[in-house]
Structures are given as C-alpha cells and as structure tokens.
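Chains as they are written, first to last, in our numbering: chain A, 3 to 604; chain B, -11 to 130.
The set of hints was computed from the structure by calculation and includes no laboratory data.
Given the structure is predicted, the values throughout are model-derived calculations rather than measurements.
Among these hints, one or two may not hold up.
[To be verified] Each computed SDA-like pair below joins lysine to any residue, with the alpha-carbon atoms no more than 20 angstroms apart: (1) A:K306 <-> B:E83; (2) A:K347 <-> B:E123; (3) A:K306 <-> B:A101; (4) A:K306 <-> B:I102; (5) A:K585 <-> B:A46; (6) A:K347 <-> B:H116; (7) A:K306 <-> B:L94; (8) A:K306 <-> A:P318; (9) A:K585 <-> B:L89; (10) A:K230 <-> A:L202; (11) A:K508 <-> B:L89; (12) A:K306 <-> B:P82; (13) A:K585 <-> A:T574; (14) A:K508 <-> B:L59; (15) A:K306 <-> B:L128; (16) A:K306 <-> B:G86; (17) A:K508 <-> A:P403; (18) A:K306 <-> B:L89; (19) A:K585 <-> B:I102; (20) A:K306 <-> B:I98; (21) A:K508 <-> B:R58; (22) A:K585 <-> B:R55; (23) A:K508 <-> A:L580; (24) A:K306 <-> B:I76; (25) A:K508 <-> B:L94; (26) A:K585 <-> B:H116; (27) A:K508 <-> B:D51.
[Unchecked claim] Listed next, the stretches of chain A that the computed footprint assigns to chain B, with coverage defined by at least 3 CB atoms under 8 angstroms from CB atoms of chain B: (28) 90 to 98; (29) 160 to 169; (30) 206 to 215; (31) 521 to 535.
Every residue gets a Cβ at the ideal spot worked out from N, C-alpha and C, and that includes glycine.
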Amino acid sequence: MLTPGGIHWLSLLTFFGVAVAAVGVGLYTTRVVRTTSDYFVASRMVSPVLNASAIAGEYLSAASFMGVAAMVMAFGYDVLWYPVGYAAGYLFLLLFVAAPLRRFGAYTIPDFAEGRFDSPTFRRVVVIFVLIVGIFYMLPQMKGAGLTFNVLTGAPYWVGVVVVGGVITLNVALGGMKGITYVQAFQFWVKLFALTLLGLGVMTVAGWYGHHFERVSGPEPLRFPEAKVVAHQAGTVLRLPEAARVRALDPVAVEFPGGELRQIPAGTAFTLPPGQSRIVAGGRLEYQAGSAVPNAPAGESWAKPFGPFTSGLGYPLIFTYSLMIATVLGTAGLPHILVRFYTNKDGEAARQTTIIVVGLIGLFYLFPPLIGTLGRSLVPELYASGETERLLLAVPSAVGPEWLSRLLEAVVAAGAFSAFMSTTSGLMVAVAGALAHDIYTRTLRPRASSRARRLAFQASAILAGLIAIVAGIQVERFAINMLVGWAFAISAASFFPLLTLGIWWKGLTLPGAMAGTVIGGISASVAILAAMWLAPLDLGASESLLWTLLAQPAIWAIPIAFGTMVSVSRLTRDRVPLDINLKMLRMHVPEQLGLRTEYIRE
Amino acid sequence: MAEGAERPTGDWQPTELALELADTAGEIEAYLAELGRFWAEEEQALIQEVAEQTTYGAILLEDLIRRQLRLGLGVAALFIGGLFSLPIAYLFMPELMGLRLFGLPLGWLIPAAIIYPFVWALAWFYAHRARRYEEEFRELLR
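Chain B extracted, bound-state conformation:
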C-alpha cells in the first residue's frame, strides 16, 4: 500500500503499529518493483549484447564456456589417463604394484580403495575452479 492510498474507514480504527506496518510494506513493494525493473533492464541489455555476438558480453560468455570446458576436459584427461594405465601397470611395474600397505598389495588397494578419495579430490577441485570462473565472469559484467 503506497503513501496516500485509501485506508479502511468506519468503526474499525487501525492502530499506529498497523499503519506503520502498512507503510513499510508499501515501501518494500515499491523497492521490489524498482529492483525488478532494474533486473529486467539489465537482463535485456545483456541478452541483447550476447545475441549480437560481436559485443563484449558475447565474447565474455564464449570465454567462460571455453574456460569451463577446458577445465572439464583437463580433469577428465587426468582421470582417464590414470584409470587406463592401472590395468597395464602390473606389466610395467610389478614390484611397485606388489608393494604391501596394510597387508594388501598396492595394485589391489588402488582400484579397491585409494581411487575413491582421488576421484573426490578431482571433483572438489573442478567445482572450486568452475565457481571461481563464474565469479570472475560476474565481476567483469558488473
């Protein structure tokens, strides 16, 4: 309810607190509406920039996608390289694979246990980096 709008009349008399609350609500509403317009304009501007392809925004977006993809492919290559070398590691490094840890050979322990924290660490590293790239992108747009 904005300033100056009609308030209920008759027998019922609003208390001071109710009036104050109504005013505050009106202010918040107006602020939200303005914020919404601002966002819509900003969004429109951005969409337009990106849609036009040659502008700054589009270049930034392309760059973000390329960085994220390169990061993802890098992590994937690291993992696949490690995974694919495991089954043949027994042929090239039988001593290392036979090394005992907690009574189990390393060659068994890697796929049966050690690989899981490794995969988790890769996942954490990727998500951390990806979020940083997105934050940098948002900073640049501001």
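Just chain A, same shape as in the assembly:
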C-alpha cells in the first residue's frame, strides 16, 4: 500500500504519530505552565540532562538529520568538518560564554548588550541581528518540511509548510519555553534512535562500515554493482570517467561529448562515452552492472581532504579553515541556543548542561558519515539522477527484506519530522522572545504586567509563525541553504566577539562593542550575499582568492570585528561603565556568594 508520493503508509503513520505525540507532550506540559517565567525561561529550573536533550534536539535541524549524510555522500571527506564544527562549537560556548552569561542574568543577547553597556539603543541594534538570524534560519526548515511532506503525501508544497508551521506555532503559543523543552528533548531521542536504527539496520543486512568504505574509496571509478534504472530529466548533464553501457527504456535524446545529438528509441542498448553528455529529451535509462556511475566524485578525492567541496574556488586550505572557524564560533553565538542556557538553575548547571550537549551531539554525529558512506556504496544511482539530497529516504529501500525497508523508512520519516519541528520551535521561541521581551517589554512597555507580557509572547509567537509560513511558501524554488551559512556568519562575526570581549575584557566600551558588532555582522553579510548573487552570473574567474574569501568570510570578518572592538574601545577609554567591576563580579563570581539578581522576575 503506497501513498500518492510512492511511500509506504507506515511512514505516513509514524510521521503523523510523531506530530501528534509532540502536540500531546506540548499540551500536557501546558497544564504545568502557569507563570510568565514558565513561558520565557521554563522557570529556570530545567535539570541539566533534560535541558541538554532539549538543546541537542533544538540544534540538530533537518540539515543535520538529512543534509550532512547527503552531503557526505555527494562531496565526501570535506563535509566532515561541518559536524565537527557544530559539536566543537559547544566546547567554545562552554569555555567562554555559558557560565558567565547565565550568571549575568541575561535572557537574550540583547539583554546582555543592554545590561553590560547600560544602553537601550544597543539593545535595539542587536535585536535586529537576532531577528535576521532567527528568520533566515527558519526558512530552510520550512522548506524542508514542505518538501518532505510533499514526498510523503503527494500534497502540494504549501500544505506541508502550513501544517508544520501551524502545529509548531500552536505548541509554542500554548506552552512557551517550558512546553517546548519537553517536546524538544523527546525529539532529540527520536532523531538519535532513527539514525542509530538506520545505520545499524543497514549494516546488519549489507555489511560493515569499513567494507563499504573500502569499496567506494579506491582509485577505480565508482561502478554500479548491479543493473539500475535511473529516470533522467531533460537537461541533466552526465559526467563519466569511462564508457558506460546503458539501455534506453523510454525514447530519449542525448547530446554526446563531441556535440553529436542522437535520438535513441526505447529498448536500444548503447554506450555513453567518457566525458560530458547531456540528456536533451528525458526518460529512463538502465545502467548495466559494472558500468561507471555518472557524476560520482572519484574515490580518492571523495575519501580525502581538499576534494570537490573545498577546492572548487581554488584555495582549499583557506576555504577549509574559514569554514571550520565559522561553524565553531557561529555555534557559540547562536541566539536561539543561548536563550536555552537561561533555563539553567545557575552557572554550574549551565556548564554541566554544555558537557552533556557535547556528548549527545557527538554521539549523534557518528551516524551521518556512516550513512553517507553506505549511500555511496548502496544507492549510487542518486549521483546519476542528481538526487543525493534524498539519501535518507532512499537508503532503506536498498536493503531487504521488505519489512525492514518499510520499518527503516518509517523511522526516518519520524526523525525528519522531529528535526523540522524541534529546530523551528526553538527559533520561534527565540524570535517571539525577541519581539515580546526585547521589543515589547523592554522598549515599548517597561511596566507591562505579567499577564500582558504573557499575551505579548503568545501574539509574538503567532506573528513569528505567520512570517515563517508566508516566507516559507515563497522560498520553494530558492536554493536557501546558504541562508543558514549566513546566519552562522553573522553569529560568528558579531555575536561571538561581542559576548567574549564583553564577558572577559573590562576595557570594552559601548562605542567599541557597537562598532565591532555592526561592522562584523555587515561585512560577513555583504560577503555572503555577494557570493550568493554573483555566483550564477559566472564572471569567468571562478577560481580566485577573492571568491574564496567572499564565500567563507569568517576567517577575515571575525578578526575585523575583534579588531574594531578593541581599537575603538581603546580610543573611547573614558566610556568604560563606572560599575564595570560590579558587572565583572556578577558574571564571574559563583552564585553561592549570593550576588545575583534575575532579569526576568515573576
């Protein structure tokens, strides 16, 4: 029994099962959500294990759940730096941010900005960056939700966006931070379980990690182990390292490497020569067992650093280092993650939480490289059809028996839904928190009652949900994964310098902090936007240092932000806050001495 999207009904059932369970957990917890502080910070009494599961659940988005494995399959070794950077970001959060930020009593980064420099203006500047990061991070999640929903049910793209967006908005508006804490923690374990079962299940049937790695990383071109049918769209380019024997199942037209165009009737066997061919009229081709896989990177470049992913712009070492810096320091400054730290009881609990997060995320990331390797070995036809993005949904069908494939598919569907939902919920709390807390309570209505603040949070959640849904519907045809890269670059080049210097250096002044935050954030944004918009224009010199630095700006934008902060602060030495020692005391002295006031009160 298949759905219109060609997926077994069991997957659909688990997909909705997880959605219903999430709403159920959310609704159940709303019964214990009573106070305003429950809404914003889950009353600061979330235990480290629960909080760490929730942070990991929130952080591991669809990009981590499905995207990293797919990119490992498509590009190989260089993609491993992403999960490494994502996990190590929490180490840097622990080293420089977690405990002092919690002790300072700041709920959001804008809180920190105002509290550390006594400047409401600075809060407004920072809140704009927070909203940009939150909304741009949300769009790829909405797109992923729409596409997966479409694959599973055959419903139009916008239906998935509306359903997923609506469910999440409901959960956030009803349960606030406390409500989604339990949902996100639950969803982390769904995701980990899904990847574990997929990895171990496939290996049980098809053989050990090392066996597959050995097969796909050698000097020989990657070849189909058995005959495979691939449906090619018109316009697809096929790059082959050696001749491939194929048979047309539909009538197709192919432009061969020399430029010769041939009409090929259905049922004809022919040879695709090495080089670049192009499908002019699409149809199904059957690749014979042992023929080379088109568009698959060579084994050597796939299995070692400086492969196709980092060397495209000509400076692979700079590209690699810059990407590492951006993922590590970007993670340490992400506003929607930092908000969660305020739900810890105290600074020490914030540290414990971070250690557990590092463990949970490390455990999770053992699987994407494994699944990427298995995909290269078991479903190479995805290279030919250009659909490596579908890896997670395709791997289960590659292993028998039938019931196991269906079970694994269903588990993947549950994990995928959890991934969109937990990340989007977290972003929505951060965006709604910024609107309700930073703009409404702190700027417009400082004397608002508890009830009014709670209503403001709910209204902001609904507003954020509407923005996510409306914008999410628009972006179906955009390649928007760059937006997450943009969010990381802003985070790394503006929030991270602001937090670390603000926490550790007494000499940082308001003008210095503001100049560095703005210059760092804007220069990283401009670089990435330039790379995004200019790349399709194909200006000729695609291999250049300038392109590399535009596409991966962290390596220069972060030093510029730090440099600006330090030099401007030095020039405005007289602007150091008078009570700076008291502020340092609050951030660095353990709570047991009793020197603490909370930003959010009952």
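Starting from the known structure of chain A, arrange chain B on it as the hints suggest.
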C-alpha cells in the same frame, strides 16, 4: 510568629502541637531574617571591596577571571591546533592517516568519530578545573 505574639483566642483552642509548630516557625523565620542580614552585609562588604579596586577582594576577582580565561584559551588553543592540523596531516603523514582501524583509515576515523570523545574530554577537563578555581576563590574569601 515570634515568642509572646498574640495567639487567637475565643472558642477555638490551639492544640499543643499547633503551638509548638508556631514557635518553631517563628524561630526559623527569625533565623532566616538574621541570615539574610548577614548575607546582605557580607555582600555589601564584598561589593565595596571589589568596587574600591585596590583591595584584597578585587585582586582576588581579577585573579579568578585571569585564571579562568587562561584555562579557556589553553583548551581552545589545544583544540584549534589539533583541528587545523587534521586537513594537512594527509600531506605530512600519509602512512599514519592510511592506517586501518576497524577497516577504516585513521584519517577518516578521526573527524568522523574519534574527535567527539576528545572534544568531550576537553569539555569535562575545563569544567572540572573551572569549578576548582571557583572553589578556591570562595575558600579565600571566607
């Protein structure tokens, strides 16, 4: 309710247990109030010391911050050094990176698996040390 405060009179007669509980509650309340005053004084004294910059407390705080920062930078340098040397390790030590463990080359296994327990160990080491520095700071203030 402190000793000697008025107790409800009339038809209702408090039992012995209720009276005892009320007394105990009063004692606890008084103790808490005193403790609160003590804390407030101590806090005030400390804040004053620190605010004056030259005193013992301020020096201690500066020292704590410096030690924590040095610890954090040390751990960060260790990690970044290791991470940055990984992509170029293939150029300098191809044999070592090609070494097989569980059927996988070491060069793949490090970023795909081994690095995670390493990061976790660094995190644990840092938190352990940072807490010890804070305990030492509190001991010195006492």
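Given the proposed pairing of A:K585 with B:I102, does the C-alpha separation stay at or below 20 angstroms? Since the Cα atoms of A:K585 and B:I102 sit roughly 40 angstroms apart, the hinted pair is violated (cutoff 20 angstroms).
Hinted pair, alpha-carbon criterion (20 angstroms max): A:K585, B:L89. Please report holds or violated. Violated - the C-alpha atoms of B:L89 and A:K585 are around 51 angstroms apart, more than 20 angstroms.
Do the alpha carbons of A:K585 and B:R55 lie within 20 angstroms of each other, as the hint requires? Holds: A:K585 and B:R55 sit about 18 angstroms apart, inside 20 angstroms.
Hinted pair, alpha-carbon criterion (20 angstroms max): A:K508, B:D51. Please report holds or violated. Distance of about 13 angstroms is within 20 angstroms: holds.
Please work out if A:K306 and B:L94 have their alpha carbons no farther apart than 20 angstroms. 11 angstroms, holds
Does the alpha-carbon distance linking A:K347 and B:E123 stay inside the 20 angstroms limit? Roughly 18 angstroms between the alpha carbons, so the hint for A:K347 and B:E123 holds.
Just to be careful, I want the Cα atoms of A:K306 and B:I76 compared with a cutoff of 20 angstroms; is the pair within it? 10 angstroms, holds
Would you check the hint for A:K585 and B:A46, treating anything up to 20 angstroms between C-alpha atoms as holding? Holds - the C-alpha atoms of B:A46 and A:K585 are around 12 angstroms apart, at most 20 angstroms.
Check whether the Cα positions of A:K508 and A:P403 lie no farther apart than 20 angstroms. Given pair A:K508, A:P403 is violated - Cα atoms ~64 angstroms apart, limit 20 angstroms.
Would the hint linking A:K508 and B:L59 be met if the CA-CA limit is 20 angstroms? Distance of about 18 angstroms is within 20 angstroms: holds.
Check whether the Cα positions of A:K306 and B:G86 lie no farther apart than 20 angstroms. 10 angstroms, holds
Is the Cα-Cα distance between A:K306 and B:P82 20 angstroms or less? 10 angstroms, holds
When the structure is compared with the earlier hints, violations turn up for hints 9, 10, 11, 15, 17, 19, 25, 26, 29, 31 and for no others.
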